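Between the sequences and the hints, there should be enough to build the whole structure, so can you do that?
Chains as they are written, first to last, in our numbering: chain A, 1 to 667; chain B, 1 to 301.
If you are wondering where the hints come from, they were derived from the structure by calculation, not from laboratory data. For clarity, every value in this text was computed on a predicted model and none was experimentally measured. Beta carbons are placed, not taken as given, at the ideal position from N, Cα and C, and that holds for glycine. Mixed in with the good hints there might be a few duds.
Said to hold, decoys possible - Derived, one-sided and incomplete: chain A residues facing chain B with beta-carbon distance under 8 Å:
#, residue
1, Pro432
2, Gly448
3, Met451
4, Glu480
5, Trp483
6, Phe484
7, Asn487
8, Leu491
9, Gly536
10, Ser540
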Amino acid sequence: MNAHVLISQSCVNDCVFCAVADKRRSGLFPSKDDIVGFIRDSVRAGEDGLNFSGLGEPTLDPFFEDYLRTAKEAGYGSIGVFTNGHGIDTEKVRKWKSMGLSAALISLHGLERGHDASVRRDGSFKDGLKALELYTREGFAVSVNTCLTRINIEEIESLCSLVDGYPVRSHSLSFPEWSGNALLNPEALIDYVDLIPLAERLAKTDFSHRFFSNAPPCLVGSRVDVSRSSISYLDGNGKRIVSPRDCNAMDSACAMCSQKLRCPGIDRNYIQFRGRNRAPPFILDTYKKKELFMEEHQAVRGHGSVSGHGASGAKLCVIIKPTSRCNAACAYCSNARHAPTLDMTVELYGKIARAVSAEAKRRGTGQVCILWHGGEPLLMGKEFFRQVLEGTPSVDGIRLNHAIQTNLLLFDEDWASLFREHAVPVSTSVDPFDDGLRIMADGTPQFGMWMERFRIAAEGKLRLGAVFTATKAHKGKAVEVYWFLRNLSVLVPTGFGTRVNAVYPEGAAAESSYGNLLTAEEHLRFFSDLAAAWDGDGRSFPLSPFSELASHAPLACEQDGQCWENFIGIDGQGRISACGRMLDVGVFWGELGEDGLGSVVTSEICGRPGKRNDALSSGACAACIAWDICHGGCPGVVEAFSGDALDPHMYCRTMREVLLPIYRSRK
Amino acid sequence: MIVFPSFVTVSVPSDITLDGDSSIILRIPRKASPESVTAALTHYGKRIRRIDTLADALFDFDADRGVLPTELLSIIEAGLGVDRSRALLIRAGTQSIAALAEFAATYSFPTGSWELRESDSERMRRMLTALGGVRAKVRVAAGPSEDAAASDGDAVLAAADFYLHDPFLATPVEPFHGILGVLARGGKADLHVFQDERRGMNYFVSGNGLISDAARSLQTPLGCIGDGWDAISGHVSNSPGFDAVTFMALRSECAFCPHFRFCVGYFREYDQDRDCSSWRRAFDLVARETNRGAKDLEDGN
Chain A
1 MNAHVLISQS CVNDCVFCAV ADKRRSGLFP SKDDIVGFIR DSVRAGEDGL NFSGLGEPTL
61 DPFFEDYLRT AKEAGYGSIG VFTNGHGIDT EKVRKWKSMG LSAALISLHG LERGHDASVR
121 RDGSFKDGLK ALELYTREGF AVSVNTCLTR INIEEIESLC SLVDGYPVRS HSLSFPEWSG
181 NALLNPEALI DYVDLIPLAE RLAKTDFSHR FFSNAPPCLV GSRVDVSRSS ISYLDGNGKR
241 IVSPRDCNAM DSACAMCSQK LRCPGIDRNY IQFRGRNRAP PFILDTYKKK ELFMEEHQAV
301 RGHGSVSGHG ASGAKLCVII KPTSRCNAAC AYCSNARHAP TLDMTVELYG KIARAVSAEA
361 KRRGTGQVCI LWHGGEPLLM GKEFFRQVLE GTPSVDGIRL NHAIQTNLLL FDEDWASLFR
421 EHAVPVSTSV DPFDDGLRIM ADGTPQFGMW MERFRIAAEG KLRLGAVFTA TKAHKGKAVE
481 VYWFLRNLSV LVPTGFGTRV NAVYPEGAAA ESSYGNLLTA EEHLRFFSDL AAAWDGDGRS
541 FPLSPFSELA SHAPLACEQD GQCWENFIGI DGQGRISACG RMLDVGVFWG ELGEDGLGSV
601 VTSEICGRPG KRNDALSSGA CAACIAWDIC HGGCPGVVEA FSGDALDPHM YCRTMREVLL
661 PIYRSRK
Chain B
1 MIVFPSFVTV SVPSDITLDG DSSIILRIPR KASPESVTAA LTHYGKRIRR IDTLADALFD
61 FDADRGVLPT ELLSIIEAGL GVDRSRALLI RAGTQSIAAL AEFAATYSFP TGSWELRESD
121 SERMRRMLTA LGGVRAKVRV AAGPSEDAAA SDGDAVLAAA DFYLHDPFLA TPVEPFHGIL
181 GVLARGGKAD LHVFQDERRG MNYFVSGNGL ISDAARSLQT PLGCIGDGWD AISGHVSNSP
241 GFDAVTFMAL RSECAFCPHF RFCVGYFREY DQDRDCSSWR RAFDLVARET NRGAKDLEDG
301 N
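This is the structure in structure tokens:
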């Protein structure tokens, strides 16, 4: 893994596609001490390469040479710089080489016209070309990067010929990242479909050292960047680990694709901001009819009746995933696809606590539910949670109520004592069957150890909950599942609640090619049997989703039709999403910034899910008798199955035939 | 010498005296003398929660005559100062039904508690009828049958059926009465409670001074009355007795059994091969009838 550090606070260019322009404008830069520490720490962590990239042009950083010296002393195998070539001369190149710089990635975004227009500065192309000449002449490992835009796309073949005249190691043609300036200049950016004719034209040229970056192989062929590894990264928000897929998504249609391991996926912001009608062809068919439907629907009903994210008076539940690490390897984990991210720090949690409290205040609610999730949150250690729980019981009069979802494998009496002391309810997942689904990281079954830990939790007089995830392996076992959960309650002297979910195709469940998923018929049968067992037992046992339906209590988040109003997900790096599931999916709304959650949760993008209710209730679900208890189900789960949150839930027959009768049976 | 703390209940024979504050279930052996019983009653006083005795200790059924009943009952009544019907448990043996019924009627046990062990279903039904006729409360013992060969496997089911359906029933038959209450009103109660075998809460002291979780676990004692409390209590978590977690973790059929909450592993904690099917059938019947009754109530029937 290479380490990337974003230095410099200024740039002479103003690229129409600059992905970090917003960060530069926000003024959030790493300090010199942070940068020096990162350089030293990363090599100790085993990273053998270091790249200086920039929130501006890295060579303009006044401490650039200091950093080079630090990097050389630290002993990196290679030290590179991403540069636009501004201000370069032979003396500097030679000096930097003597200071350890060994590689350069030079930005050339077209020929002179296209490049200068793309970066919005005359003379920039000449800078870049000069840099190409100097770095190659001095024996650097030189690469060229070209970001593809509507401005330069007709010049790419000529540019390739130009670049081929130099001894470059590689030439990457990048589909732009849809962030920063890209969102302000969408007219300048290409669509995914534009890659297809370009790839066809370039296929006739020498492609031995050239590849497409951030582009799906189904559009550009096999010449794609296959370095899917994560990078360690430092910017103004601190250190993090970034995966190429972090901002991207795989369509459900991609699950069976033989190229999926090489594929970066589709940029979610592209879909969100430009719309789905210009999505790649293989998902275009899926989205097209939905987009048309939405347009028709909005023409009739305006912009929808929902109030937008975080309406006044709405409760607030924050799902925090402080780590993506896990000591288990469950086959159906929804969090298993992504590369590991950095663990949350207590300092970041402090920011979160202040931010969510401010958001609660804005909503006029006096408390916030904080659900710790993962990964496995207990891997954060007792000291982390002790500081979290003891440090911020409330902020500005807003009470922070904590709960945790854990696999319990690290649980002991000390954890029980800590959680009891702070009245933290503990929920866990369980599978009592020898089906190989819930296993430890080394492949051994979890159940024996889990049972012992559960006993400690139960004897610790904690409020406990247990979740069972139904998969294809559990066909015909619903009654056993019911009685197992029922019997677990015997061991718990205090409150005990249970829930049964069905696995959905995200993370490991998706990567196992849908082998664990229940068909609609199997789902119906499973939950029908489960409901019959619960009903036959007198309905007294708290089993979600049946209990809340029978008592007409508030529905679970996935059924209440306003989940985006009440939930926020935040990961260990401070990235914000709609909820825990959407964190797993990798849909991020933004990051915790200087202004806390405010600008993120009030942005237009966060209100978009609200239109789903109107779209479904007057469209695909218009005639459904179960609408009031379903509301289309979890948008994230639906999207994971069908690729489109506007599709009806694939298990909606279970809603109508099992859950609705329970709801209606209340006297 | 062990001193049990106040929060535990200890079953102890009347010829052993223990100091401390624990509650006492005083067992009167078959050939107990009035003097020893008097001494025990005096010693334990208000600590006594119940007196357990055998029908044979009160009556010589073979000779058709009382052994000590009048004297013993007088002592009990004087010593406890409470209603004997709530403080006395008589363990029925293999006496004839007629003799048992006559004894119960003659010696004024109209509301006394009786413990019946598994037998054949016909004998169970007749004993219940006889004791019910004198308004005696009954507990069906969950321990192994004293005469396994005589058991037809349906005696427990017969007892549950009697409790649920006998039109003249006027007094409870445990554990079914308690289980019905749990099913109807919620809460928790399992056979360990009905059998005074709650782990860590109930202890059994044998005639020779050994201490165990229960009478049926004397082969694996926790210690003896010469030990200290710390030593005894420290052994409880390692005892082979009640450990519901173990049953669940072993993925035995108990983990998925609809009646686990009523037994919590009671039948198999000392004997993995114990056949509990007769009890499961009885629990099935009680649960089914309870749910049917609940639905009838909901429907206004």
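Results for each hint:
no.: 1; hint: Pro432; result: holds (6 Å)
no.: 2; hint: Gly448; result: holds (5 Å)
no.: 3; hint: Met451; result: holds (4 Å)
no.: 4; hint: Glu480; result: holds (4 Å)
no.: 5; hint: Trp483; result: holds (5 Å)
no.: 6; hint: Phe484; result: holds (6 Å)
no.: 7; hint: Asn487; result: holds (4 Å)
no.: 8; hint: Leu491; result: holds (6 Å)
no.: 9; hint: Gly536; result: holds (6 Å)
no.: 10; hint: Ser540; result: holds (6 Å)
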